[in-house]
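Q: Sequence:
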Amino acid sequence: MQHRTILLTILFALLLLAQPNAQAEGETYYVYLPLLQRAPPAGQTLEQYQMAQEVLALVNAQRASANPACAPLAMNEKLTLAAQRESQDMALNNFFSHTNPDPSRATLVMRVEATGYNWQALAENIAAGYSSSASAMSGWMNSDGHRANILDCTYTEIGIGYYYQSDDQPLPSGGGPYYHYWTQVFGRPR
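Positions -24 to -1, 1 to 166 (mature numbering (1 follows the signal peptide of the UniProt record, and there is no 0)) are the ones given, in order, by the sequence shown.
Don't read these hints as lab results, they were simulated from the structure. One or more of the hints may lead you astray.
Claimed, not checked - Computed spacing ranges between beta-carbons, pair by pair:
1. V85 with S149: 21 to 27 Å
2. N94 with P153: 35 to 41 Å
3. A82 with Q145: 21 to 27 Å
4. P79 with Q26: 28 to 34 Å
Even for Gly, the Cβ is constructed at its ideal location relative to N, Cα and C.
Go ahead and model the full structure; you've got the sequences and the hints to work with.
A: The following block contains the structure:
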């Protein structure tokens, strides 16, 4: 860490020293510094990643408020991949259920194990029709079962998926179109 600080200090000093004298030459010089942002995990667009980060902040705020001893959840890329795939599957395959009609991804356990996540405990929340992170979170918190998953201190990690489908259709069984599909996968690794 100390070497990094020294290196950045030297780099900044060199940038200042290497600048031509703008006043003497009557020109304007611009120095562009990169803005670093963590890349979205595999399977998520930047928008989906940002929505997931908003939900994560809301989940951890609810956990801290309900039980300050409960640790905040950490985002896990494998759980996120399982959650993102489920949100996308629900939208593209026109269903809304914890049971995926694809036999290879029918259950939460199958979906999570397909990512290589070694789990001790798992749970899943799904939602559809909510156009914002806050409204989806409100829906979950107003449902006893979903709220219990969010506040359960057993879980230490989470994956969050969001998928928007602009041409969504009503479900064959009724309901919808929903357009917005959300999935939270809670985990505790072995």
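Q: Run every hint past the structure and note whether it holds.
A: Against the structure, the hints come out as follows:
One distance hint, 21 to 27 Å for the beta-carbon pair V85 and S149, holds here, with the actual separation near 24 Å. Range check, N94 to P153: about 37 Å between beta-carbon atoms, so the 35 to 41 Å window is met. Hint check: A82 to Q145, Cβ distance near 22 Å, so the stated range 21 to 27 Å holds. The given range of 28 to 34 Å is respected by P79 and Q26, whose C-beta atoms sit roughly 33 Å from each other.
Of the hints listed earlier, there is not a single one the structure fails to meet.
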